[in-house]
Amino acid sequence: MYARNVERFTDLAIAAFMWTFRMSVVAIVVIGSAATLTQGRFPFDIWLRLVVDGLTLGSIYALIALGYTMVYGILRMINFAHGEIFMAGAMGGYFTAITLSGMGLLNANPLLSLVSVGIMMLVAAAVSVTIALLVERLAYRPLRNAPRLVPLIAAIGASFFIQYTFRGFLGPGIFPYPQVTFLAQDVGLPFVRMRWVEVLVIVAAVIMMAALYAFVMRTKVGTAIRAVSEDKATAALMGINVDRSIVTTFALGAAMAGAAGVLYGLMFRQVFYFTGFIPGIKAFTSAVLGGIGNIPGAMLGGLFLGQVESIGPQLFFTGLGVPVPNQLRDVIAFTMLVMILIFRPSGILGERLARQRA
Amino acid sequence: MLLRRLAAIALLALFVVAACQPGAQPTPGQGTPGTGETPGTGQETPGTGETPGTGETPGTGETPGTGETPGTGETPGTGEIPDDPLGVVEIPAGEPIHIAFWGVISGPDAALGEDSRRGVEIAINDRGELHGREIRLSSQDALCTPEGGATAATALVADQTIVGLIGSTCSAETAGGIGTITDAGFTTISPSNTRPAFTDPEQRGPELDGYLRTAHSDAIQGVVAADFVYNELGITEAATIHMSEAYSEALVGVFEARFQELGGTITGSGATQRGETDMRPLLTDLAAGNPGAIYYPLFTAEFGFVTAQVRDIQGLEETVLLGADAGFSAEAMNASGPNVEGAYLSSPDFTAFGGGYQEFLQKYEESFGSAPIQIFHAHAYDATNILLDAVEQVGVEVDGTLYVGRQALRDAIFATSNFEGITGTLSCDEYGDCSAPVIAIYQITPEIAQDPDANWPPDPFWRPEE
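Line order of the protein sequences matches chains A and B.
If you count by this note's numbering, then the first sequence holds residues 1 to 358, one letter each, in order.
If you count by this note's numbering, then the second sequence holds residues 1001 to 1466, one letter each, in order.
It is possible that part of the hints are untrue.
What the hints assert, rightly or not - Covered by chain B, according to a simulated footprint, are these stretches of chain A (three or more residues, beta-carbon under 8 Å):
1. 167 to 175
2. 323 to 336
Stated by the list, open to error - What follows is a list of derived Cβ distance ranges for each label pair:
3. B:1453 x A:114: 28 to 38 Å
4. B:1463 x A:23: 56 to 66 Å
5. B:1362 x A:181: 39 to 49 Å
6. A:102 x B:1261: 45 to 55 Å
7. A:210 x B:1463: 57 to 67 Å
8. A:130 x B:1355: 51 to 61 Å
9. A:188 x B:1463: 37 to 47 Å
10. A:101 x B:1275: 19 to 29 Å
As the list claims (entries may be wrong) - Here are some chain A residues the structure puts well away from chain B; computed CB gaps all over 10 Å:
11. 2
12. 23
13. 31
14. 33
15. 35
16. 95
17. 107
18. 111
19. 114
20. 145
21. 146
22. 199
23. 220
24. 320
25. 343
Simulated from the structure, these hints should not be mistaken for laboratory data.
Heads up, the beta-carbon is just placed ideally off N, CA and C, and yes, glycines get one too.
Okay, chain B solo, but in the shape it has when bound (with noise of 0.2 Å):
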């Protein structure tokens, strides 16, 4: 009797251990749990700052990022405690620079994220010292769903040590999360958030204050994928299925636009959700409309579910499939089946990556041991170079101790121009845009379509004409 109950008891512990070991992931605060009592602190030096009544410290908290403050920031033990509106992020000596990453890292979407994040690592390990400290990354799993991307948010603005954010990867996880992110005075540059509203001048909210992005917007992808069935394969009817959230829904409502722009008919459009997994009455629904092709942006199970079963379906044996950048990696081309071979996929363009994006990928191989899982690890990697360079410019050390005012360092995220990234030369606009958007077409080959993992990724297909 106490040999079983020591059995299950032993049992028991070998499954907490399994289930604690891949996807453990680093809880902010846990690390330096002294440093959680700087907000205090952090709130009190502007105050202290406004007593002296000289006017000079001000006076340089106002006009942060103007190339002036570097100066100073290089010369420790100088400088003026910023002053500044959002509130300072205050590193004592010997600690390290803690930024997070956020985004989906569990789930059937967990490569998206994981890709991402490795970027930001390799960038992290490229960049060494910063402001000579260590930089610290932790993460924030966001699930790729509105109600994950609020939960991140809170636990990231908890964390009073974080000085910039990397995130997220789903449009749905920003449009849950990014209230809460801006209103705390932090700042996040999403790596592959593609959804056309948050950089587009008429519909960015105040929200969005703190949001800028590297990845493109689906503004262009939807163009280039409608240009591509109508003008290259000549179809003129085509159907779309979407997944109800923000990525999809806005990408095929770009789509559907500019197809009947072209004289195209979409002939109908139909919805999923995720955790959907019969997808047969939505294709025979479509299927009823005769479309010649269907295109339909949905994320890694999703996009799987449909190609999967849409040659099952009368009338659709033939249909021609086009896909987009969450479809794009290898676990979608597994999920999918023998199927998927001769669909097409949106993507950035990686060929018309810049001269560094080579050696990005070696490190990537030899940190990971394995090509790139999906395809925003290099925009990920610019972010994050973005944020570093605005932190060690922002930066000011007086006694050891480093101060990053976070209006400032927004500011000089925003200020960012002809930064030499390896996805282009970025210059952020006013509204959040940093990125240099080069779109391909790809066509899944029967090799990729047989073996996905060892023939991953494919080679660009189709490019738009200038």
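Same shape as in the complex, but just chain A (with noise of 0.2 Å):
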């Protein structure tokens, strides 16, 4: 008896101390949305600008995402080794774009400078896809049947390999991206300034995210990767090479990630051998965000993140009076995480695809 008003006092405790946290947390965001509003320190224009800068950052998100939530809908494991693919690509991307200027195709004209921007992209996925198929052949198929904390060990070691080894063949030096002019211009448009770099991020995101989500759920190939993802026996039974099928989830999670690494590398512009860890992280982050292992979610969360991360600090604490809300980016971005793991585990989208599987 007194053991089980123990146990029932400890789940009110629990609940009381969850109920005020997502209290404060609601109060926060309220009240400090409220006053920085009512304040007026930021016109309108400033908040569309914020608005662009959570999209473009959302978007390379959103693409690095997609990589961790497909090799987990398929293999259940976080391939953290993931944020690096992403640095190989946009060192990919960096040795393409400066042998281009070289060549004086880069800053030609705008049409030759998209044609430029395209095959440094077309480099960096190749890059990125090599290097995860030799990840994926050395480090992680001989564990396939391994206790699942084994793989998730070996990926963390592979990305401290895989940087290290960047660092080693091109040392610990920044690479400048080079400066492509037509990309820094301004678009023109009425309420908001926004160059094109902007403007072509947000686009090569939309139309390879469209493209990737057409391929899994039209393609035969794409079939046979949902199939292997709700079932590895059964669809090796039906025929399935669930091998095959692997390695196509992580060439295209990877082809993803390099092209990102070349959109990064224009906005940015600046890559070394550490550049994937940040972004890496950031993009898991929307991945749990959208529901793991569900390919619209891993979209969906990663522009959420980038919205939260740019507009959020403006708009709750400077309201509040707290003196440098920047600071409290990260802050934001990982209460966030953390509200989603404690009040809805299968994230945004995540009761979807448990209906999908069911």
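With the hints as a guide, dock the two chains, each given alone in a separate frame, to form the complex.
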């Protein structure tokens, strides 16, 4: 009887704590936002600008997140080396850009610039795919039937391995992406200042995500991938080559990450061997936010995280008088991750996936 | 199948070899495994020194570095084994004198540590031999973070063959590691920490007893920057960005205080973090205050991200950009891209350095094939010479074994006065400040913005009036 009472009390205490936590987060968000908006420190065009920032950053997160979510969907493992695969793409893109700029193609005219960017993305995707397939073959496939923690540790090891291999070959220095003059120009939109590179990032990301979704949903290979992620043994019995489906999944995710690496390089204009770490973690967060294993979820999660990161600090904290709101950017991002994990462990779109599976 | 497996293994081996190559750093203790046992015997020596009870040994032990000891040091075999409250480093005959460098030698700020380490190496080469022995240098990577500093410090104090330390490079590393170093009785001289608190009489704590520096304090650098913006450029409204770490936070604090004291307004303070890449929301936030100048003393990568993105923000197209010594490198200019043209940086005034600097530059070029890649090589050179002078002074040779008392060494370094270094005439005060600071403001020319590697460094643009 006593023990049951203690148990009940503990449950109550936890519930009360959770309630307080949830309410205080909601209170900060609501009061902070209201205060900021009434103060009117930021005019409308600044908010629009922040939305654009969030949209571009979110698109890159979303592209990387796809790799996490697809590999999780098919293997039930978190491929922590994915951030490094993204970095490898950015590096590949950098060296292509240097070559193209040496040939005078990069800045010849807008059309050639776009073609060059296309070539960079293709090369970057190729580099990323090569490395992802090597990692899959050497580090993950031998461990496929091992306990679930083993491939996870292998992934962390692979992540360090790739990082320091790049450092060994290329050195610890920073590689500055060459400036593409066309992309740095203003588009000339009425309400918000937007450069062509931002348009490029958003458009390219949308096209790639649409293509990926169509590929997975409409083609035979895509169907095979979905079948393997639902049930490996049954899929094998139906005559599906499981290994090939897994390899294709890795290749697709890596191609997205590699192309995202070029977009990232064009936007932020510097890469080095550690570049993949933070975007990798943020993209993983996006994948969890959207519901890991769910492809539209990863896209949505990425865009959502991008928005929260760029608008959040200003919106929530300026009104509360927090002196340096931008410092709290990661706090917001990861608080949101914690909230999602507590209150909706399956992620934003997780439920639909579960229903589909059932 | 076998062939494929062999090919895979060969590829793997290639990767491993490549990964080990340039970043490979000598791990202390590996070279001289036998000497790792010395701490035990080193601890015993004071005990045996006390037993004779003659009273002379403790007497000389308590007043080290007063100028009497070098006499005995130069005539080997006649000295007494010193008694030292912090322990004695014992270097057997034929073994080198081991000093260690700790600082950032990997990641985006690797140039900062690499440049300082080169200064240390040149000083060691110039010295040749000390007490008839070679000087051995080992390095620990402290990653420019407090955690890295703590890890490096733990590794350093575990190696009792190390006589003295040069480092760290980033103030954050010192904040993380100095307690361990001081507690173990080691003494370190930093060539590039600039956080004011480290040598401030009011803020310096006992954990910094083993810490000195030849770099300038940012209490000076921040004031020069603020004076330049307010008085020289006539800008009265400025915004700042710092990095939530020991160096830039303190420097921005000094700048803001001085700027407001002069009558200026700080329109906004932003902060970023190591590893942050998207500065646009932060800059958009600052743009709302319409600052005439932005002061952002950030490290290489973050300096580059801000500079590359700042002109895209509405309202910041023409804002004056002002960085500090952490961004004063060709590497940071490369990271910034063409936008860096016209930006200002505060940094030590190389033209004010002593006559030996030109000769030093020649040696640097000869040894490493380029002009200095960062700014603290000369400070590192001076720091190393101060350390080696002190070792020369307090080292006592008895029967072929060299003894260096740790407290005696520390006292001798603190007693340094009128040392003729290449950064100026240096005297260490009781708070560990050995610097002779002269700060200038530099402007990035179009040539440097176009091709930083070929045209680095810039010439001083403005100097504070005395």
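Here is what the structure says about each hint:
Coverage of the region 167 to 175 of chain A by chain B holds in this model, with 7 residues showing a Cβ closer than 8 Å to a Cβ of that chain against a need of three. Against chain B, the region 323 to 336 of chain A contributes 7 residues with a C-beta closer than 8 Å to a partner C-beta. That satisfies the three-residue criterion, and the hint holds. Separated by about 29 Å at the C-beta atoms, residue 1453 of chain B and residue 114 of chain A satisfy the suggested range of 28 to 38 Å. In this structure the hint that residue 1463 of chain B and residue 23 of chain A lie 56 to 66 Å apart at CB holds, the actual value being about 58 Å.
Taking the beta carbon of each, residue 1362 of chain B and residue 181 of chain A are about 40 Å apart, inside 39 to 49 Å as hinted. Separated by about 51 Å at the C-beta atoms, residue 102 of chain A and residue 1261 of chain B satisfy the suggested range of 45 to 55 Å. Hint check: residue 210 of chain A to residue 1463 of chain B, Cβ distance near 59 Å, so the stated range 57 to 67 Å holds. For the pair residue 130 of chain A and residue 1355 of chain B, the beta carbons lie near 55 Å from each other, so the given range of 51 to 61 Å is met.
At about 44 Å, the CB distance of residue 188 of chain A to residue 1463 of chain B agrees with the hint of 37 to 47 Å. As the Cβ distance of residue 101 of chain A to residue 1275 of chain B is approximately 27 Å, the hint placing it in 19 to 29 Å holds. The beta carbon of residue 2 of chain A sits about 46 Å from the closest Cβ of chain B, which is more than 10 Å, so the claim that it is off the interface holds. Interface exclusion of residue 23 of chain A from chain B stands, the closest Cβ pair being 27 Å apart, more than 10 Å.
At roughly 19 Å from the closest C-beta of chain B, the C-beta of residue 31 of chain A stays outside 10 Å, upholding its exclusion from the interface. With a least CB separation of 15 Å from chain B, residue 33 of chain A remains clear of the 10 Å interface cut-off, as annotated. Every Cβ of chain B is farther than 10 Å from the Cβ of residue 35 of chain A; the closest lies at roughly 16 Å, confirming the non-interface assignment. Listed as outside the interface, residue 95 of chain A is consistent with that label: its C-beta sits roughly 15 Å from the nearest C-beta of chain B, beyond the 10 Å cut-off.
Under the 10 Å C-beta cut-off, the non-interface status given to residue 107 of chain A relative to chain B holds; the minimum distance is some 12 Å. Every C-beta of chain B lies more than 10 Å from that of residue 111 of chain A, the closest at about 23 Å, which supports listing it as non-interface. Every CB of chain B is more than 10 Å from the CB of residue 114 of chain A (nearest about 20 Å), matching its label as outside the interface. Its beta-carbon lying about 19 Å from the closest one in chain B, residue 145 of chain A satisfies the requirement of being farther than 10 Å from that chain.
Every CB of chain B is more than 10 Å from the CB of residue 146 of chain A (nearest about 19 Å), matching its label as outside the interface. Consistency note on residue 199 of chain A: stated as away from chain B, and its beta-carbon is indeed over 10 Å from all of that chain's, at 13 Å minimum. In this structure residue 220 of chain A is separated from chain B by more than 10 Å, as the shortest Cβ-Cβ distance comes to about 28 Å. Every CB of chain B lies more than 10 Å from the CB of residue 320 of chain A, the least distance being 14 Å, so the non-interface label holds.
No Cβ of chain B comes within 10 Å of the Cβ of residue 343 of chain A; the nearest lies about 26 Å off, and the non-interface call holds.
Going through the hint list in order, the structure satisfies each hint without exception.
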